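**Q** What follows is each chain in one-letter form.
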Amino acid sequence: MRVQELILIIEDDEAISKMVSLSLNQQGFKTLIATDIKSAMRVIHANSPDLIILDLGLPDGDGKGLIKTIRSEISTPIIVVSARNDEKEVIASLDAGADDYVIKPFSIDELLARVRSAQRRFLGLQPAVKVIICHEISLDIEGHLAWMRESVLKLTPTEFNLLKYFILHRNQVLPYARILKEIWGVGYQNEMQYLRTYVNSLRKKIESDTARPTYIQTELGIGYRFTCDSSNSL
Amino acid sequence: MKLIYPYRHYVISFLLLLLITIVSQLFIIHLGLINIALIHLIPVIVIALRGNMGLTMIVTAISVIMFDLLYVPPLHSFDVHDLSYVWSFVIFFLVGYTISAQAKRIQGNAIKEIFLNTLSHDLKTPLSSILGNASLLLKEQINDPVTRRNVLIQINDSSQRMNRLIANLLDSARLQDNRSALRMEWCDFEDLVGVALQEFRYNPKQPQIDIHIDPELCLFWGDCALLVRLVVNLIDNALKYTDEGKQIALSITTDSKTIKLLCFNESHPIKKADLKNMFDRFYRIDHSGDIGGSGIGLSICRDIVSAHNGMIEAYNVPNGVCFEINFPVTKSPSSGLKELL
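Chains as they are written, first to last, in my numbering: chain A, 1 to 234; chain B, 1 to 341.
Simulated from the structure, these hints should not be mistaken for laboratory data.
Worth double-checking, as some hints may not be accurate.
To be verified - To spell it out: a stretch of chain B is covered by chain A in this simulated footprint if at least three of its residues, at any positions, have a beta carbon under 8 Å from a beta carbon of chain A; those stretches are:
#1 58-71
#2 162-170
#3 193-202
#4 212-221
To be verified - With a cut-off of at most 20 Å between alpha-carbon atoms, the simulated SDA-like pairs for lysine to any residue come out as follows:
#5 K205(A) / C218(B)
#6 K204(A) / T254(B)
#7 K204(A) / E216(B)
#8 K104(A) / L138(B)
#9 K257(B) / T197(A)
#10 K205(A) / D214(B)
#11 K104(A) / R164(B)
#12 K104(A) / M162(B)
#13 K205(A) / K112(B)
#14 K164(A) / M192(A)
#15 K260(B) / K88(A)
#16 K104(A) / N156(B)
#17 K204(A) / V195(B)
#18 K88(A) / W186(B)
#19 K104(A) / Y202(B)
#20 K260(B) / K30(A)
#21 K205(A) / V195(B)
#22 K154(A) / Q172(A)
#23 K331(B) / M192(A)
#24 K88(A) / E185(B)
#25 K204(A) / D214(B)
#26 K104(A) / E216(B)
#27 K104(A) / S159(B)
#28 K112(B) / E216(B)
#29 K18(A) / K112(B)
#30 K88(A) / A173(B)
#31 K204(A) / T253(B)
#32 K204(A) / D210(B)
#33 K204(A) / R281(B)
All figures in this text were calculated on a predicted structure; none of them were measured in a lab.
Quick reminder that beta carbons are idealized off the backbone N, C-alpha and C, glycines included.
Let the hints inform the model, and build the full structure from the sequences given.
**A** Pasting the structure below:
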C-alpha cells in the first residue's frame, strides 16, 4: 500500500490545499496541487494520479464538467469537496461519476477515511466472499440470510434487499435516487417515503440505539452511508 | 387583547382621529380651518413614525376624507370648491410618505447595527479563542500532553461554535428571504435527531442526552435540513445551560394530528418575561454573559417552527425548563407501504 501513491488536489484556496497536502504527505501519500481545470488536466495526463480530490468551486469552470471529462478517459477515484448548502451539486457530481464527497468545513480525519475507502474499492481489496461480516452483522448473500450476533434477523424481503445493497456498497455514499432505483426499480427514484420508512424499520432491527445509529448513517440531503469501518463510526 | 394586538396601530390611529374630531367639532369656531387641518396631520405623523408605508397611506386617506367631509366647504360632501384645498390634501400624503420612508430607513439601520454588533461579538469570541490557543501552540513548547490536548479541544470547540453560528445565519437568511425556498420532502424525525446528535459527537455531555422517540411516529412533510437545525439549536441550548451530570431529555411523540417535540433540561427556573422574549432576535438572558452563544439560535427555532405552521413555547417545570413544539400533521405518506413479515 505504501508505494507512494500520488494524489492530485484540485483546489484554488491555498490554505486548504496546503493543509490537505500536508496531512496526506504525513500519511505517506505523494501530492500534487492544481489550482484550475486547465492545469489539472495537464497533471492528469502527465502524471496519472491514483486519486483525485476536487473542489467544486473552481474559478475557471464547472467541476461536474471536469468529472465527466476525467471519467471519459480514466476511472481514477474522485472525491469531491463542496460548500455547505450545495447538496444538489454534490448529487450531480456523484451522478457524473465522482466516488465520494466531503463538505466544507471538513475534518482531515473525515477526508482520510474517504480516501482510504475509495482506494480500497478501486483496488478491489474487498474480496468476493459468500458471507460478509460487518461488526455484529453477517450477511449470507446466496443463502439469503442475515444474522445479528448469533441470531437470524427477521427481515421483510425489501428490508433484506436494502441491507444487502447497503452492505455490498459499504462505506460508500449512496444517493437516495440510486438506492430507490436499485431496490424498488426505475420510476421510483422520487419515492423518498419508501426509503425513509424502510431505513427506519431496518434501523429498529439492527441498531442498538436508533437515535445514535452506528451502521446506517444519514448524509443529510444526499443519501445514506452504511458504515463498516470502526474508524468511521460514531 | 391577543386578538387586537397585531392591529394596535390601526386602533391607536382611529382613536386619535376620533379624539381630534371631537375636539375640532367642539372648538370649530375658535380654531379655524388652518389649525384644524394641522391637527389632522397629527395621526398621519404618529403612524408614519412606525415606518409602515401601507398603514400610513390608509390613515392619511382617512384623515383627508374626514377633514374634507367635516370642515372643507361645502360641508358633508366630497366636492372641493377652492382648489387650494387639493394642495392641502397632497401635502398630507407628502408628509406621510416622507416621514414613513425616513422612519423605515432609520429602523433598518438600527436592526443592521444590532445585527452587526451581535454578529461581530459572536464571531469574534470563538475566533479569539482559536487565535489565542493556536498562537499558544505555535510559540510555547507545551510538553504536557494533557495541557496540549486541552488547548486543542478549545480550538475544536470554538471552531464548531463558529460553524454552527454560520450555519444558523445561512438558514436564517434562507428563511427571511423567501418562504417558498423551503425544500419540502418526507422527513423522519428519528433520522433528523440522529444527524443533529452527530454535531455534538465530541461533546462529553452528548451521551447523557436521553432520547425518546415514539415508535409509531410517521414521516413528516417538511424541510429536513431546517428541522435538523431546529433540533441542533434546541440541544445546543440545553447543553449550554445544563451542568455536567444533570439531565437533558428530548422526546418526540405523536397523535394522528400533531407531532410534539419536548426538550427538557435540568436548570434553574427562567423568569416569566424571559420565557416569552427569548425567542426574539438577539435576546439573551443577561445573567448568562459567560456562556458563549448568540441570541440568534432560539429566534431561528421560532422561524423554522412557524415556517412549518407549528407553535413553540418554553415553560418552567419543577426541576428545569421545557421547550415544547407542536407541528400539525397536514399530509400523511401514502399507506400500504408496510409489507408483512
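**Q** Each of the hints needs a verdict: does it hold here or not?
**A** Do the hints match the structure? See the list:
| no. | hint | in the structure |
| --- | --- | --- |
| 1 | 58-71 | violated (count 0) |
| 2 | 162-170 | holds (count 3) |
| 3 | 193-202 | holds (count 6) |
| 4 | 212-221 | holds (count 3) |
| 5 | K205(A) / C218(B) | holds, 17 Å |
| 6 | K204(A) / T254(B) | holds, 18 Å |
| 7 | K204(A) / E216(B) | holds, 12 Å |
| 8 | K104(A) / L138(B) | violated, 25 Å |
| 9 | K257(B) / T197(A) | holds, 19 Å |
| 10 | K205(A) / D214(B) | holds, 16 Å |
| 11 | K104(A) / R164(B) | holds, 13 Å |
| 12 | K104(A) / M162(B) | holds, 13 Å |
| 13 | K205(A) / K112(B) | violated, 51 Å |
| 14 | K164(A) / M192(A) | holds, 19 Å |
| 15 | K260(B) / K88(A) | violated, 31 Å |
| 16 | K104(A) / N156(B) | holds, 15 Å |
| 17 | K204(A) / V195(B) | holds, 16 Å |
| 18 | K88(A) / W186(B) | holds, 17 Å |
| 19 | K104(A) / Y202(B) | holds, 18 Å |
| 20 | K260(B) / K30(A) | violated, 53 Å |
| 21 | K205(A) / V195(B) | holds, 19 Å |
| 22 | K154(A) / Q172(A) | violated, 25 Å |
| 23 | K331(B) / M192(A) | holds, 14 Å |
| 24 | K88(A) / E185(B) | holds, 14 Å |
| 25 | K204(A) / D214(B) | holds, 12 Å |
| 26 | K104(A) / E216(B) | violated, 36 Å |
| 27 | K104(A) / S159(B) | holds, 12 Å |
| 28 | K112(B) / E216(B) | violated, 45 Å |
| 29 | K18(A) / K112(B) | violated, 37 Å |
| 30 | K88(A) / A173(B) | holds, 19 Å |
| 31 | K204(A) / T253(B) | holds, 17 Å |
| 32 | K204(A) / D210(B) | holds, 17 Å |
| 33 | K204(A) / R281(B) | violated, 39 Å |
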